[in-house]
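Construct all of the structure, not just a fragment, from the sequences and the given hints.
Going by the working numbering, the first sequence opens with residue 410, and the numbers climb by one from there.
Note that these hints are calculated values from the structure, not bench results. Even glycine gets a Cβ: it sits at the ideal position worked out from N, Cα and C. A few of these clues could be false.
Ranges between beta-carbon positions, derived for each pair [said to hold, decoys possible]:
| # | residue 1 | residue 2 | range |
| --- | --- | --- | --- |
| 1 | 460 | 481 | 35 to 41 Å |
| 2 | 423 | 484 | 25 to 31 Å |
| 3 | 520 | 460 | 37 to 43 Å |
| 4 | 575 | 554 | 22 to 28 Å |
| 5 | 462 | 520 | 35 to 41 Å |
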Amino acid sequence: MDALARLFATPSLQAARDLIGWRLTLDGVGGAIVETEAYHQEDPASHSFSGPTPRNAVMFGPPGRVYVYRSYGIHWCVNLVCGPEPGQAVLIRALRPEAGLDIMRERRGTPDHLLCAGPGRLCQALGVTRAHDGMAIDAAPFALEPPTEACGIVVGPRIGITRAADQPWRFGETGSKFLSRPFPAVQRPAVSAGKARDRSSMPRP
DNA sequence: CTATTGATGTTCT
DNA sequence: GAACATCAATAGA
410 MDALARLFAT PSLQAARDLI GWRLTLDGVG GAIVETEAYH QEDPASHSFS
460 GPTPRNAVMF GPPGRVYVYR SYGIHWCVNL VCGPEPGQAV LIRALRPEAG
510 LDIMRERRGT PDHLLCAGPG RLCQALGVTR AHDGMAIDAA PFALEPPTEA
560 CGIVVGPRIG ITRAADQPWR FGETGSKFLS RPFPAVQRPA VSAGKARDRS
610 SMPRP
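Next comes the structure, spelled out in structure tokens:
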């Protein structure tokens, strides 16, 4: 059993964490995953919560496929279906752009740190559309490769949802500059009564 | 920097 | 109708 097969069999709550650092590309355009969120059938925020429908059918099919849906009528968002039971998926929320930078810049027209910083932005940068819904993530035009280096993982509540909003099912690469948004700062034992923010991940001049 | 708002296709109630 | 796993533009502090 190789790394991909293990990943596909992993429950989404763990797979979302494991996916950080994997390199995802579409037609050679993409980069390392730096932010994910987990969803599953018992999760009120999940598209699969109320059972299979035409839209979420891929979530109830075999793992290892991509589930693509339209968000707010404008954007596309891409998930990896995974887990031993149906209805589980990991939303890919941000990549560190590495391959096909020129193509991404042309498609996005934003500064490099915003090329793939969010589920909608990432799909625009890679060219993901509904046409990719149901495709295998480990076969052309997609590719998914394991990380070459370990990295730290931060955890926090998911973004943009109203139900189960307090569940800590968002994962990110520690200190990444390519996140859709920063993770909430860990509560610190109040040094000064003040408002010092953690800027430890800021670039040094 | 934060807060607000418009755009807009599908799904849900 | 209302809600929505979002984003860019804009206004204000």
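Indices of hints not satisfied (ascending): Going through the list in order, the structure violates hints 1, 4 and respects the others.
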